[in-house]
Amino acid sequence: MSVAGALAGGFVGTVVLTTTLRAGSELRLTRMDLPFLLGTAVTADRARAKAVGYALHFAFGLLFALVYYAVFVAIGRDGWALGAVFGLVHAVFAGTALVSVLLPVVHPRMGGTDTAAVSAALLEPPGFMMLNYGSGTPLVSIAAHVAYGTLVGGFTALGG
Amino acid sequence: MTGPRTAGYAPLASYAAIGDGRTLALVAEDGSIDWLALPDLDSPSVFGALLDPDAGQFSLAPVAAHTATRRYLPGTNLLETTFATASGTARVVDALTVPGSGLAPARELVRRIEGVDGEVPMRWRVRPRFGYGLAGTRIARRLGVPVATAGSDALAVLSFDAGQPEIGAGEITGDLVARPGSAGLVVLSAADGEPLVLPARAEVEARLSATADLWRDWAARLTYRGRYTDTVTRSALALRLLVYAPSGALAAAGTTSLPEQIGGERNWDYRYSWIRDSALALSAFLRLGCAPEARAYFWWLMQASQLTHPKLRVLYRLDGGARAVERTLPLSGYRDSRPVRAGNDAAGQTQLDTYGELMRTAWLYANGCGHIDVDVGRRLAGIADLVCELWHQPDHGIWEVRGERRHFTQSKMMCAITLDLAVALAGRGVIPDRRMRWWRDEADAVREFVETRCFDPRRGTYLRSAGSTDLDAAVLLALLHGYGDARSPRWAGTVDAIRADLASAAYVRRYSGDDGLEGTEGAFVACTFWLVEALALTGRRSEAARLFDQALALGNDVGLYAEEVDPGTGEQLGNLPQALSHLALISAATTIDAHPEPVVSPTVGRAAPGRSR
Numbered sequence: 001m002s003v004a005g006a007l008a009g010g011f012v013g014t015v016v017l018t019t020t021l022r023a024g025s026e027l028r029l030t031r032m033d034l035p036f037l038l039g040t041a042v043t044a045d046r047a048r049a050k051a052v053g054y055a056l057h058f059a060f061g062l063l064f065a066l067v068y069y070a071v072f073v074a075i076g077r078d079g080w081a082l083g084a085v086f087g088l089v090h091a092v093f094a095g096t097a098l099v100s101v102l103l104p105v106v107h108p109r110m111g112g113t114d115t116a117a118v119s120a121a122l123l124e125p126p127g128f129m130m131l132n133y134g135s136g137t138p139l140v141s142i143a144a145h146v147a148y149g150t151l152v153g154g155f156t157a158l159g160g
Numbered sequence: 001m002t003g004p005r006t007a008g009y010a011p012l013a014s015y016a017a018i019g020d021g022r023t024l025a026l027v028a029e030d031g032s033i034d035w036l037a038l039p040d041l042d043s044p045s046v047f048g049a050l051l052d053p054d055a056g057q058f059s060l061a062p063v064a065a066h067t068a069t070r071r072y073l074p075g076t077n078l079l080e081t082t083f084a085t086a087s088g089t090a091r092v093v094d095a096l097t098v099p100g101s102g103l104a105p106a107r108e109l110v111r112r113i114e115g116v117d118g119e120v121p122m123r124w125r126v127r128p129r130f131g132y133g134l135a136g137t138r139i140a141r142r143l144g145v146p147v148a149t150a151g152s153d154a155l156a157v158l159s160f161d162a163g164q165p166e167i168g169a170g171e172i173t174g175d176l177v178a179r180p181g182s183a184g185l186v187v188l189s190a191a192d193g194e195p196l197v198l199p200a201r202a203e204v205e206a207r208l209s210a211t212a213d214l215w216r217d218w219a220a221r222l223t224y225r226g227r228y229t230d231t232v233t234r235s236a237l238a239l240r241l242l243v244y245a246p247s248g249a250l251a252a253a254g255t256t257s258l259p260e261q262i263g264g265e266r267n268w269d270y271r272y273s274w275i276r277d278s279a280l281a282l283s284a285f286l287r288l289g290c291a292p293e294a295r296a297y298f299w300w301l302m303q304a305s306q307l308t309h310p311k312l313r314v315l316y317r318l319d320g321g322a323r324a325v326e327r328t329l330p331l332s333g334y335r336d337s338r339p340v341r342a343g344n345d346a347a348g349q350t351q352l353d354t355y356g357e358l359m360r361t362a363w364l365y366a367n368g369c370g371h372i373d374v375d376v377g378r379r380l381a382g383i384a385d386l387v388c389e390l391w392h393q394p395d396h397g398i399w400e401v402r403g404e405r406r407h408f409t410q411s412k413m414m415c416a417i418t419l420d421l422a423v424a425l426a427g428r429g430v431i432p433d434r435r436m437r438w439w440r441d442e443a444d445a446v447r448e449f450v451e452t453r454c455f456d457p458r459r460g461t462y463l464r465s466a467g468s469t470d471l472d473a474a475v476l477l478a479l480l481h482g483y484g485d486a487r488s489p490r491w492a493g494t495v496d497a498i499r500a501d502l503a504s505a506a507y508v509r510r511y512s513g514d515d516g517l518e519g520t521e522g523a524f525v526a527c528t529f530w531l532v533e534a535l536a537l538t539g540r541r542s543e544a545a546r547l548f549d550q551a552l553a554l555g556n557d558v559g560l561y562a563e564e565v566d567p568g569t570g571e572q573l574g575n576l577p578q579a580l581s582h583l584a585l586i587s588a589a590t591t592i593d594a595h596p597e598p599v600v601s602p603t604v605g606r607a608a609p610g611r612s613r
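Residue numbers (the numbering used here), protein chains in the order written: chain V, 1 to 160; chain G, 1 to 613.
Simulated from the structure, these hints should not be mistaken for laboratory data. Where a beta carbon is used, it is the ideal one built from N, C-alpha and C, also for glycine. Misleading hints may appear alongside valid ones.
[What the hints assert, rightly or not] Coverage of chain V stretches by chain G, computed from C-beta distances (three or more under 8 angstroms per stretch; other residues unrestricted):
| # | region |
| --- | --- |
| 1 | 17 to 28 |
| 2 | 34 to 46 |
| 3 | 122 to 132 |
Extracted from the complex, chain V is given alone in its bound form (with noise of 0.2 angstroms):
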């Protein structure tokens, strides 16, 4: 078990996560686009929101993994499994709370439940597991943070 497993773990497993992602977009299965999601946060310029999505996002797989890391730690235990139930969970808290409630709280330019008038544009909430971007969301979400949470335990193991 070491933090470069899980580092390492944590750049592949965002790397197919990401891919996974595109691939349920190209597939029609959803509008989730996490790296829009993030950029937007930081600029309204679409294609710099892309580039800065694209590394916040990058930045937050190895933060996560590094989570998982510590969790691994604390309970001395870790694996391929143990990964994938992690990103297991992973998903269902991205999807219940993460994205779907936190998100639109802290983002600057996506709309909730409490939003007035307003003079700039708004981006569209997830809403509950993210179903807002498609009936084929969770099903995507789910499969990419397994894919993650199976390869961040994995590569963590991995390290010694």
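Go by the hints and put chain G onto chain V.
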């Protein structure tokens, strides 16, 4: 007025186009948007009532009986429709906006409703149907805004002082009363594969204004100033709607499957870029001073054709891809004209004229626009080599006949032009000159073939194909591109024969004889303008100008041209707006202006392949 709807279908002449350089919508004179593909011009439609009444529509009109007049706001692609009723007058401005610096929707369609006088109760109804009306579309609300979704497509319908949006069965509706000083907006915000952006009113108004300014600035930069300035400017603006901005490709038209014969099978998908249009397109861009568009188009063409080098596909996708698999959609078709097709199997045909078009495009680019790099130069030389090997073979010809291949005259003429231009480019050091002698010899051989096998000395005219008795107006295109001497008796005879046999007033058929398809078709608009230009080039400028003035009647009230016109009824036919029609119009107008009486026709032959335009 262009006439009432027939079984729910508006006359094709009733459509005006709006666009943003990525996609295009068609607005009927009665205020209904019957076509909008999202997110791009070649994507499936969300409003497809043009092809099936159940395939989606966005109507907006006074509730009471009314008349409508319309125009494009000068120098723009913003459409203004004025509705007059017994109780008052209201004005609607339609546009697809161009994004600015803020967070804008991926695609945004704006309808701005202003009261002019009196009170005009109006109603709008949005019936979105994604995927040509074939995908299951659901409607719900987000932050109180009606949103239609299907798969990764979404469309939000926002109303600002244009009535409270109500969700009904598969539709979103609203009512308002237009009064003097009132201004309401109905805005469609579209997303594909990402969350929707729900814009604020002030941002929409700003984008609408900026979009108008952008079009005005672009039109003001056009360099053509002549006797047809207004007409040419409108055609240039129509062409600009067909330029797919992300790649620079020029779509042949904005629609699919609008019939060449009502109820017939000649219904094709034209939302691709044809090599056939390339030389006329580059020439038009250069004549109008649109160097950025010319550069973008040329390099798109070089990139797309690289995939299939040295052979050329007849057409390429707007993103440069070569695959255009044709499929039939289960739609009723415009006034029962079936099949409705998406994709185009003509992509895989053999059309030898395309090589001449590409070489002439390169010639025009090298002369008037920019530098051709070494790699492209090598590829052009490779294309000349290929033409030396291929020109003996029969092909499908420019008109993409679906029967057996023939030795089409126009194809052979374009092969000669290919090789002449290759020799000229090599002579200037633009492309490698190792095979120059071969190209010159083969060019002579092609000309020998054309002049002996494709010319009828008794009638004094070039024929449609070797050994045929039919005529083909496409040979005029070879004259326009520089084949032979425009002042020769052969071209004079050909122009006369085509005028006598294929033309009736301003209506010109493409060819006589069969084409492997059932049914007939209308007069081909581009052929009319080619005939105009041929008259000017052969020294009959006055006749050319008269015919040009007649030909302007082939367009609709806002200056848009479809592919064809029914000579019997004057009804527009085929896909629209049609790039080739507008390209031919621009070419003819500028040629007439460039040939004041008495006509000084160019001397064109093997040694002078690049008649300056």
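Which numbered conditions among the earlier hints are violated in the structure presented, ordered from lowest to highest? Going through the list in order, the structure violates no hint and respects every one.
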